[in-house]
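S.K.: Chain by chain, the residues run as shown.
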Amino acid sequence: MSTPGTPRLPVRGGDRKPARVRPYSLTGGRTRFGHVLLVETFVAAIEAPEERKELENGSLSTRVVPELRAIVELCRRMRTVAEISALMRMPLGVVRVLLSDLADQGKIRVYGTGHGPRQPDRALLERVLSGLRRL
Amino acid sequence: MRPWQEDRTRVPIATKIVIAGGFGVGKTTMVGTISEIEPLQTEALMTEASEGTDDLTATPEKHTTTVAMDYGRVTLDDDLVLYLFGTPGQQRFWFMWDDLVRGAIGAVVLADTRRLKDCFPALDYFESSGLPYVVAVNHFDGSSEFDAEDVRDALTVPAHIPVMIMDARRRLPVIETLLALVGHALDATPE
Chain H
1 MSTPGTPRLP VRGGDRKPAR VRPYSLTGGR TRFGHVLLVE TFVAAIEAPE ERKELENGSL
61 STRVVPELRA IVELCRRMRT VAEISALMRM PLGVVRVLLS DLADQGKIRV YGTGHGPRQP
121 DRALLERVLS GLRRL
Chain L
136 MRPWQEDRTR VPIATKIVIA GGFGVGKTTM VGTISEIEPL QTEALMTEAS EGTDDLTATP
196 EKHTTTVAMD YGRVTLDDDL VLYLFGTPGQ QRFWFMWDDL VRGAIGAVVL ADTRRLKDCF
256 PALDYFESSG LPYVVAVNHF DGSSEFDAED VRDALTVPAH IPVMIMDARR RLPVIETLLA
316 LVGHALDATP E
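Quick note, the sequences are listed as chains H and L, same order. According to my numbering, the first sequence holds residues 1 to 135 in order. According to my numbering, the second sequence holds residues 136 to 326 in order.
Looking at chain H on its own, in the form it has when it is part of the complex (with noise of 0.2 Å):
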């Protein structure tokens, strides 16, 4: 709770309209994703070779920001979420933000994890047993 007279802060989607403009920073407080960003979850780069020009002089919508060029040149090879945190030196929540602006963007593709987002089916278990056991 403030105290009377301590300046207070405008709380975040309190007025929320829908954001024309991003990513006016790393993350811009956002903590919803449309994509299914799991730790394992795979993602790889969308290649468009005669797109850099174009991003350069890009508007404020597209920009890319250091980090968001870094992470793509990343995902040149599969790579999962948790992969790119700790290469990047991230924290997971931001890189989910910023994985999530880049599929949004089509820089980057999100394949997911091959099976459900339940736990896995027997199968799949079976599977895990043999290889496991070839070790």
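Hints were generated in silico from the structure; no laboratory data involved. Any given hint could turn out to be false.
So, partial list: chain H residues that the calculated Cβ filter (under 7 Å) puts toward chain L [as the list claims (entries may be wrong)]: (1) His115; (2) Pro117; (3) Gly131.
Here are some chain H residues pointing at chain L (derived, C-beta under 8 Å) [said to hold, decoys possible]: (4) Phe42; (5) Arg69; (6) Leu74; (7) Met78; (8) Arg118; (9) Gln119; (10) Leu124; (11) Leu125; (12) Leu135.
Note that the structure is predicted; figures quoted are calculated from it, not measured. Here a beta-carbon is modelled for each residue, glycine too, at the ideal position from N, C-alpha and C.
Since chain H is already given, all that's left is putting chain L on it; use the hints.
M.R.: Structure of chain L alone, referenced to chain H:
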């Protein structure tokens, strides 16, 4: 480099197992013993749920903390990868676990008999969440030998849940622990 890392046409299946337990119990060691890559550390930046205060005028640093997670990988087949996540077992990080355990095969609760209480929060969590788990006692040099059944009694772990004594530094016991967990998860999954 594994083939699945470059072939976009055949995206592998990603599975994960969570390694939980108290500080210094051997989570990092266990992940490192089995991982085919140098284990990576990823951080989750979180705001501590501070009770009774909503004071936004205070410095934000006061309320945020980073929690390190160890991350390892084992390729099990051309198109099947297992990820291991070693994660802190403190109660105040539970909300982070909810996110982490989504879609997981299950969890290994690592215990040290010299500090058995440290694994209680993790046990409580997995018991209530319904995620399959096994208990693995990481045997440290110089700690007393206890039977798995003594540990089971002390932890009041039901009979159908595997409790094993292992050594997180050795590959075979780590594989056996993971096998026990996946087997247990299979038993718990309806046909």
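S.K.: Could you check the structure against the hints above and give me the numbers of any it violates, in ascending order?
M.R.: 5 and 6
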